[in-house]
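Chemist: Two chains, two separate frames, one set of hints: put the complex together.
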Amino acid sequence: MKLQAPIENLSPPVSDEVKTTTCYMCACRCGIKVHLKDGAIRYIEGNRAHPVNKGVLCGKGSAGIMNHYSPARLSKPLLRVGERGAGEFKEIEWDEAMGLATQWLDKTRNEDPRKLAFFTGRDQSQALTGWWAQQFGTPNYAAHGGFCSVNMASAGLYSIGGSFWEFGEPDWDQTRYFMMFGVAEDHDSNPIKAGLAKLKERGAKYVAVNPVKTAYAAIADEWLGVRPGTDGALILAIIHELLKAQKIDLDFLVRYTNAPWLTIHAPGSADHGLFARDADGQVQCFDQMSKSVTSALRADIAPALTGEFTLADGRMARPVLRLLVERYLDPSHSPEKAAEITGISAETIRRIASELAHAAFEQQIELPIAWTDWAGRQHESIIGRPVAIHAMRGISAHSNGFQTCRALHVLQMLLGAIDTPGAFRYKSPYPRPAPIGVRPGGKIGEVAPGKPLPRPPLGFPIGPEDLLVEQDGSGRRIDGAYSWQAPMANHGLMHMVIRNAWAGEPYEIDTLFMFMSNMAWNSSMNSAGTAEMLTAKKADGSYRIPHIIYSDAFFSETVAYADLILPDTTYLERWDCISLLDRPIGNAHPGGYADYLANHQRAPGIGMLAGWRGTDGSKAGTGEPNPNQLERYIENGCFWKYELPHNAQYYKHANKAYLDHAVQMGFIAKPDQIVLQLYVEPLQKFRLAAEGHGAIQPPEALRARVRDHFDPLPIWYRPFEQQRIEESEFPFYAITQRPAAMYHAWGSQNAWLRQIHGANRLHMNRATATAMGLVDEDWVNVTSHHGQITCQVKLMEGVNDRTVWTWNAIGKRSGAWNLDPDAPEARLGFLLNHLISETLPEQDGNRGDLNSDPVTGQAAWYDLRVRIEKTQAPAGQTLPALPTLHLPPNMKRPEKVLRYGKAMAEPYLKEDVK
Amino acid sequence: MTSLPPLAQKQLGLVIDLDTCVGCHACAVNCKEWNTGGTSGPLTDLDPYGADAAGVWFNRIHSFEAGEGDASRTVHFPKSCLHCAEPACVTVCPTGASYKRAEDGIVLINPETCIGCKLCSWACPYGAREYDYDGGTMKKCTLCIDRIYNENLEEIDRVPACVSTCPASARHFGDLGDPESKVSKLVAERGGFDLMPEMGYKPTNKYLPPRQRQNSSGCTGASALPVVEQSADGLLGWLDRILSR
Chain R
1 MKLQAPIENL
11 SPPVSDEVKT
21 TTCYMCACRC
31 GIKVHLKDGA
41 IRYIEGNRAH
51 PVNKGVLCGK
61 GSAGIMNHYS
71 PARLSKPLLR
81 VGERGAGEFK
91 EIEWDEAMGL
101 ATQWLDKTRN
111 EDPRKLAFFT
121 GRDQSQALTG
131 WWAQQFGTPN
141 YAAHGGFCSV
151 NMASAGLYSI
161 GGSFWEFGEP
171 DWDQTRYFMM
181 FGVAEDHDSN
191 PIKAGLAKLK
201 ERGAKYVAVN
211 PVKTAYAAIA
221 DEWLGVRPGT
231 DGALILAIIH
241 ELLKAQKIDL
251 DFLVRYTNAP
261 WLTIHAPGSA
271 DHGLFARDAD
281 GQVQCFDQMS
291 KSVTSALRAD
301 IAPALTGEFT
311 LADGRMARPV
321 LRLLVERYLD
331 PSHSPEKAAE
341 ITGISAETIR
351 RIASELAHAA
361 FEQQIELPIA
371 WTDWAGRQHE
381 SIIGRPVAIH
391 AMRGISAHSN
401 GFQTCRALHV
411 LQMLLGAIDT
421 PGAFRYKSPY
431 PRPAPIGVRP
441 GGKIGEVAPG
451 KPLPRPPLGF
461 PIGPEDLLVE
471 QDGSGRRIDG
481 AYSWQAPMAN
491 HGLMHMVIRN
501 AWAGEPYEID
511 TLFMFMSNMA
521 WNSSMNSAGT
531 AEMLTAKKAD
541 GSYRIPHIIY
551 SDAFFSETVA
561 YADLILPDTT
571 YLERWDCISL
581 LDRPIGNAHP
591 GGYADYLANH
601 QRAPGIGMLA
611 GWRGTDGSKA
621 GTGEPNPNQL
631 ERYIENGCFW
641 KYELPHNAQY
651 YKHANKAYLD
661 HAVQMGFIAK
671 PDQIVLQLYV
681 EPLQKFRLAA
691 EGHGAIQPPE
701 ALRARVRDHF
711 DPLPIWYRPF
721 EQQRIEESEF
731 PFYAITQRPA
741 AMYHAWGSQN
751 AWLRQIHGAN
761 RLHMNRATAT
771 AMGLVDEDWV
781 NVTSHHGQIT
791 CQVKLMEGVN
801 DRTVWTWNAI
811 GKRSGAWNLD
821 PDAPEARLGF
831 LLNHLISETL
841 PEQDGNRGDL
851 NSDPVTGQAA
861 WYDLRVRIEK
871 TQAPAGQTLP
881 ALPTLHLPPN
891 MKRPEKVLRY
901 GKAMAEPYLK
911 EDVK
Chain B
915 MTSLPPLAQK
925 QLGLVIDLDT
935 CVGCHACAVN
945 CKEWNTGGTS
955 GPLTDLDPYG
965 ADAAGVWFNR
975 IHSFEAGEGD
985 ASRTVHFPKS
995 CLHCAEPACV
1005 TVCPTGASYK
1015 RAEDGIVLIN
1025 PETCIGCKLC
1035 SWACPYGARE
1045 YDYDGGTMKK
1055 CTLCIDRIYN
1065 ENLEEIDRVP
1075 ACVSTCPASA
1085 RHFGDLGDPE
1095 SKVSKLVAER
1105 GGFDLMPEMG
1115 YKPTNKYLPP
1125 RQRQNSSGCT
1135 GASALPVVEQ
1145 SADGLLGWLD
1155 RILSR
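Chains R and B, in that order, are what the protein sequence lines are.
Heads up, the first sequence is in my numbering, so the first residue is 1 and it goes up one at a time.
Heads up, the second sequence is in my numbering, so the first residue is 915 and it goes up one at a time.
Pulled out of the complex, with its shape left as it was, chain B reads as follows (with noise of 0.2 Å):
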């Protein structure tokens, strides 16, 4: 078993928008290509141009359906590791290897000491665990943790490779811990959730959910169109009018 450290002040984490992620992928496979390269990497794909491609994905996009007919909504759920604050993966492991950092809450895994027994991945119950058959090890999101104190990148790049990358602004991070932040704020605001809060892991990632949508008889404000009387002669007087050209 491994212990957590006291929690720290801040809480680095993402705060995903279902308002206006469309699914597009996009912070998916960037954040493969970052990390492929990077300091977890290689994210190893199995078999890539055959019958049964699989690899290894910190990120991965949930596409469903909820509810019936004309009332159901089309959710696409992006899913990541949600560097909980009671995060089950950590205190399971046999060897210390999955840890939480003191400095800022991230969750992350040290290859040098993962045997791979997996039970991190059975301990988490967001299925953000990723195991590389081919290296031997878990592997997971980092929040870029060689992105975001990177001092060889310009400081606005320091931000996680899927934050940067989101084409809809549906990504966002920061610390949670800070309930001054921008993210905490925007939590606020928009009624900001945890993932299955039932569970007790206390997520520090946070989802918005979709805002109210305009589609019902006044919602812009518009009112029913008047109605024109047509003049009876069939001529359409309401175009006899000076106007400059």
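One chain only, chain R, in its complex shape (with noise of 0.2 Å):
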């Protein structure tokens, strides 16, 4: 047959209007154009001069438009009617919903202002949320950092001053070796897709540790299937093999690391292991040159770097450097051993460590820029150690995680690969003093009525007087966080928040106030648990914890289980990436929340947005407000961007130029250099208390915790799950992966990405899960110490033969979500955190310690272990399954038949051709 041919209708008017925004399907915040057409969302593109994306957008970005059109929106503020958890609502009006908030929070503020415990979820907008909870007076606030990655944050800000993702990202065009630790990839998407791409192209080599062979590590020169928790050991074991080669950077190591102060040597003292000081209290170092004990901050010595020196007092002390090549020298951190702890052969760890020494000393990199140092001296050229290294999560979620990614931090150090060319780079506003120089506001006498706190409720303690503690030594916040039980919590205990106010420890409180965050759910441990605890009540009847209010986009898991429902805004509704708070928030800025954008003054020129400031918008950084400031960055595709000069791109804790400019845009006080810290004395000083000394020491139940986990110097240790179960009972690590199209789970149960990942099965090794007679789909039952589920299985070969994983968050409560109650997500779909416990299992008499790290408190989730049977399902149906929850008033089930972009579309053929 023969046709004339179609005439194509090939230059159809794409939309009637472009905006530009950033995308928030995600933290990475790329940059986007919305294209709209009779009103509605045509398209979402990435915007290709935004400096995030460079115009590219992943699967859940490019789903934004099934996000906003969901059938799960709440439209209107939600009462409950009935009893908690039945779901049972009534629709109210703004007015009331906003009067009865305001009225619970007043009553609590005026009496006792931590009896508000405000948890933000995934709000990346802590400059407001965490001044809001300040000027309320309350300390009980935190956003999911302590469920995520505080443990990768705090090892940071406390070593380097800095840390991966937000802080710093590699220095993808230069590196020749790239290290990537556990599940990462979610922090940020985009970029390391990218940065993956160049590092490929260029012909450098990229390293995937990680039990599980997902996304990126698919693409890896090399996979080393590491078990779970285990990764310090194998970090150190490197450590210890550079060492033995002497193949560190010593010159970096004297120039920009605490590696020559003196520490006091004087086993069983009250300052032992602290830094000496003078005086004025300056740190000391040995100066070969005036064979004396000096200033460790001069720039005109030569420090030792060995040795022991005579302090003025007539004591002994050693430099840093001196006490970290004697302890990772040491023949328990050989490879033979980390062989064993990891699964890593002794052979591979040797070559990692070669083709890291290789990559750093041998293909170190030489720029000709001249720069000036924090001391005014000029160098020529930029010298550059091109390996970089990237963790997130999957190294940070256990309860060794603070120590391993101090270790990896440490690695880099020895290396000379910080902030140099092909290393790790930080991004501004990093690097700030490690750590930075706020202490946590709410200490005895802090909190009171009507009154504000003295500082944020979150900040970087550097010693037990900054604990928020009472005199007998329990904790003061509800979650918690900076007690003995978690001193330096950064980002508080998300997940002990909803068990701590059901049990009223340390004390009852009246509302929890909770927003974008799926806390009676997938953000919560012990998911089942956290349900029964928010319906529980008191023996007069009343709700133990009495007033609960939650604000959601979406008809989530957790609505059913608050009085008041705040209904929230999404990303395409509203100029950037705050939520709830994006609505007129108070007196002093009537114009609402643009107002407070572009006029809120946090210090004298400092406000929320950076570019165009000034009355002209000549200035950056720092300036008056700018009565035009948001309309500048509207022009400018809604993004502002500082390009540094050359000359203050790198060693940038050390650079003139930068630490000048710093000052210059309110980053820093001082253009003081950032001296990195391989020895954190902060934990020294935790550690002497418990054993101890000083005023302020930990109670007993939790001196040895403290003891023997504050080391100044990185360890590993079995994380404590393991250490408390039988092996054999329990054989196998449970983990979570998180599949790209949905990188973080906010926002992607919608219909387009559902079809992507509807459910999921618990993926095992498939030699192992054979030998066990498993086949693929088998159900089976997945027993913790703590719970069971039941669901199905996936072999496959890409995974450690002790590790069993799934994805994250992909299981759904049936009737949540406006979706079908047959839905797969609740059908076959499944969540892990039913298997996982605050709380350790009891040994020796010890109940109720936390099943977090040691030293920040972040949930150690990624420490799960479990056995596996195989089991019947006769109703097909994962298990535990949870009674099905009703629609609030007025959502309309979804239609059958989804045609988006039905109205829009332009006809196929420019002329007809019948």
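Some hints could be false.
If the Cβ cut is set under 8 Å, some of the chain R residues that face chain B in the computed set are [as the list claims (entries may be wrong)]:
| hint | residue |
| --- | --- |
| 1 | Pro-13 |
| 2 | Ala-49 |
| 3 | Leu-196 |
| 4 | Ala-302 |
| 5 | Glu-336 |
| 6 | Glu-355 |
| 7 | Phe-361 |
| 8 | Gln-364 |
| 9 | Glu-777 |
| 10 | Trp-779 |
| 11 | Gly-798 |
| 12 | Arg-802 |
| 13 | Leu-819 |
Below are the EDC-like pairs computed for lysine to aspartate or glutamate, each with C-alpha atoms no more than 20 Å apart in a straight line [what the hints assert, rightly or not]:
| hint | chain 1 | residue 1 | chain 2 | residue 2 |
| --- | --- | --- | --- | --- |
| 14 | R | Lys-794 | B | Asp-1108 |
| 15 | B | Lys-993 | B | Asp-1108 |
| 16 | R | Lys-910 | B | Glu-979 |
Quick partial rundown of chain B residues pointing at chain R, CB under 7 Å, derived from the structure [what the hints assert, rightly or not]:
| hint | residue |
| --- | --- |
| 17 | His-939 |
| 18 | His-976 |
| 19 | Ala-1136 |
| 20 | Leu-1157 |
Bear in mind the hints are in silico, worked out from the structure with no lab data behind them.
None of these values were measured; they are calculated from a predicted model.
Note that beta-carbon positions come from the ideal geometry of N, C-alpha and C, so glycine has one too.
Modeler: Following this line, the structure appears as structure tokens:
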């Protein structure tokens, strides 16, 4: 058959209007262009001019339309009318909702502000929410970092004054050797993908250290299928090998780290292991030129890195590097020992160490960029160590996570691979002093009716005196942050809030206020138990948690457990990445949020947005408010970028041009060198307290936990849960991974993405599963010390033979999200959360010890151990299957056919050829 | 039966890099997003919030493993219409709805004349055709025919949505009929291959194989670390150096 060729409509109009904004389908925050047609969203694409994504957009961001038009959107405030958990609500007007919230919160603030627990989930605008909590006067505030990656953030901020992701990233254009540890690809999504492509193009080597060979590990040159929670042992063995071969960057260590700082050597004394200081509090070193102990911060010295020296007071002191080298040269850190722990062969560990040394020292980069260091000395070029490392939740969500993350930063420092060409490089406003000089607010006497806190609720303790504890050593925060259970809990302990509020420990609260966090489901340990806690009553019939306010854009699992629901916006309805508080926020800024953004000043000249400050918009970073600032952002595609001059781009911790710039921008107070901390003295202060020194000491029950884990040099220890169970009873490690199309749980539940990941399976190593008689799709019971779930298995090659895993947060509760109650997410999907307890199994009479990192309180949900037994699931239903939730009033079941775009589609043919 | 036009010089198509594809689905979702409101839209979804959601997707990612044990490889394999030089899906079409453009070789379906008989989907060995049960016609990848020549878009945006959005630069678009084009050179340099060439449909799209993995001794040029004797007295003599701060 031969027909006249059709004439296609090759140039249809695309859209009526294009708006720029920031994607908030995940925390990557790409710039996007949103095409609108007939008032509806036609298409969302990456903004090529935007520095984060440079025009690309991930699968999740591309599904933003379905997120926005979801049939699960909440449209009006809801007030609970039935029992909590029953899901019976009535719609109310905003005035009534705000009136009610104000009434509850006003009473709390005027009586005892700490009785408000305000937990903001994944919000990324803590500049506002933290400030709000501080003004309210409650210390009981945090976001979800305690659940996600506080170990990574804290270890970095105390070590190098920065960390990965928001704080810094690999130099994708110049690195020769890149290692990624654990689940890390979702922070941040598109820049890592783009970076990996650059590495491959240039032939740089990429090593993935992850028990599971998922998305990014699939394209790695080498996959090290390490056992979960053992990365620290691997890193310390690499350090052992580098030290044995004397392949460390001594010049870098002398100039930029605390390697030469003297530590007092007086075992048993109250300041053993603290830095030697002179009368002015200056840290000391031994200068080999003058043969004397002097300030370690002077430029004109040649400090000793080993030996032992006598201080003015007659005591002995040793340089940090000596302690470090002695520690890690010990045969207990040999590759053979690490191989037993990690499952990675000693030969491979030795080879990786040799490749790191080769890349760092034999493939050194030298850029002909003249720069001036902190002391005013000129340098003709910049030396680069092209080794870059990235890590995030995978190594973080273990009870040994803080020390493992520390080990990674120590490795970077020993290689001289911090903020050099080809290495990890800071992103503004980092580096900042390690740690940042803000201490947590909420000490005794700092919480008072009707009064703000003197400092933000979250900060960086540097010793026991900064803890938020009562005289008897018990904690003052509802989540236990900054108590002896979690002294350096810089992001709070979101996973303990509901449990402690339910238990009334350390006190009962009035109101739990949550938003953008599905805390009755996938953002909790022990999900089913959490739901029970939210509904639990006292003897008098009242709820143990009297008021629960929850804000969410969607009918998520948590909605049923709140008393008052405030419907949130999506990112396509507002100008920035913030959530609930994108509303008029009080009399100080009558113009509402826009007014706040442009005119609020936290300090003179410092506000929410750094670009186009000053009345005429000519100032960057600091400057008086600009009445046209938002317009300037809008004109520029809703972002502002400042490119550092070449001479300020590297060695920023010690680069005069950068440090001066950082002061001018308001990032740091003084242009002092930021000395990188191989040895973290605050840890030693807490350890000394646990050893019985000082006025503020841990309660007896926690003394050993603090003493054993607050080592100022990184250590590896077996994760707590594993220490307390019989390995033969629970032989498998169980962890989660995050699918690339659903980085971050929020916004993932939509019509398109659920067709990609609508149900999950428990993935097992094929050889291991086959030996157990398991085949694909078999039903199994998965049992931990805490609970049991039933699900199906899927066999695969690319997973550690002792590890099982599944995708995170795919499972949904029946009826939630306006899905069919029989949806695969509820029928076949499941959460591992049900297996994870907030507390560790009892041991030697110790009950209630937290299943958290002992330093930061990070939830140790990757420590989970399970056993697996074949079973039958006659109903074809994963378990536990919580009762079906019913829809809120006026939420309609969606149509059976979705024809999105039909109304705006242009004709296929230009001319009718019929 | 529908006949094919004489083979044009210009053969537009995709080159997909299996070395950098991480299976993130960005291309698949962005494709659906563009095309559902484009001239082939809507890309209907049946029972979208139900027990068995199933929609029309022009591009799908298949992830699987090849090999066993440590030698196994995880493959992320994006698959869409390959715009074959000899497409059976066209010749099998009883109405002429399925056709190959003479100008650039793109294989398309005219919705005005498609009767939804599905013969083409049976004929396609790659499973690249998508039946719209709601609209009653066959649909498929058009190489974003309503983008690549679209004068309402900036020139730089006149590429398929999947190419424009791919975060890992794993997708390339161009004229594979021109041996001097960037995509043809890329195929030549990297050993790009046809999918199932034995079937004889001569697909225009090419796949680039994974690069050689650097995972064995000496792969980066590094030799084993030297064994340095530690001094017997336990003193760390090698640290005893005069280095100025």
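Chemist: Can Gly-798/R be said to touch chain B, with a Cβ gap under 8 Å?
Modeler: Since the shortest Cβ distance to chain B is 5 Å, the answer is holds.
Chemist: Quickly compare the C-alpha distance for Lys-993/B and Asp-1108/B to 20 Å and report which way the hint goes.
Modeler: holds, 12 Å
Chemist: At a threshold of 8 Å, is the proposed contact between Leu-819/R and chain B supported by beta-carbon distances?
Modeler: holds, 5 Å
Chemist: For the pair supplied as a hint, Lys-794/R and Asp-1108/B, is the alpha-carbon distance within the 20 Å limit?
Modeler: At roughly 31 Å apart (the allowed maximum being 20 Å), Asp-1108/B and Lys-794/R break the hint.
Chemist: Can Leu-1157/B be said to touch chain R, with a Cβ gap under 7 Å?
Modeler: This hint holds: Leu-1157/B lies near chain R, its Cβ roughly 4 Å from the closest one there, short of 7 Å.
Chemist: Do the numbers back the hint for Gln-364/R, that is, is its least Cβ distance to chain B under 8 Å?
Modeler: violated, 13 Å
Chemist: Holds or violated: Phe-361/R as interface residue toward chain B, Cβ cutoff 8 Å?
Modeler: For Phe-361/R, the interface hint is violated, since the closest Cβ of chain B sits about 10 Å away, which is over 8 Å.
Chemist: Given Ala-302/R was flagged as interface, is its beta-carbon under 8 Å from a beta-carbon of chain B?
Modeler: holds, 5 Å
Chemist: So if I understand the rule, the pair passes when the alpha-carbon distance is 20 Å or less; does Lys-910/R with Glu-979/B pass?
Modeler: violated, 45 Å
Chemist: Take the shortest C-beta to C-beta distance between His-976/B and chain R; is it under 7 Å?
Modeler: violated, 12 Å
Chemist: Min Cβ distance, Leu-196/R to chain B: is it shorter than 8 Å?
Modeler: holds, 6 Å
Chemist: Quick one, is the Arg-802/R hint okay against chain B at 8 Å, beta carbons?
Modeler: Because about 15 Å separates Arg-802/R from the closest Cβ in chain B, which is outside the 8 Å limit, the hint is violated.
The earlier numbered hints that this structure contradicts are 2, 5, 7, 8, 9, 10, 12, 14, 16, 18.
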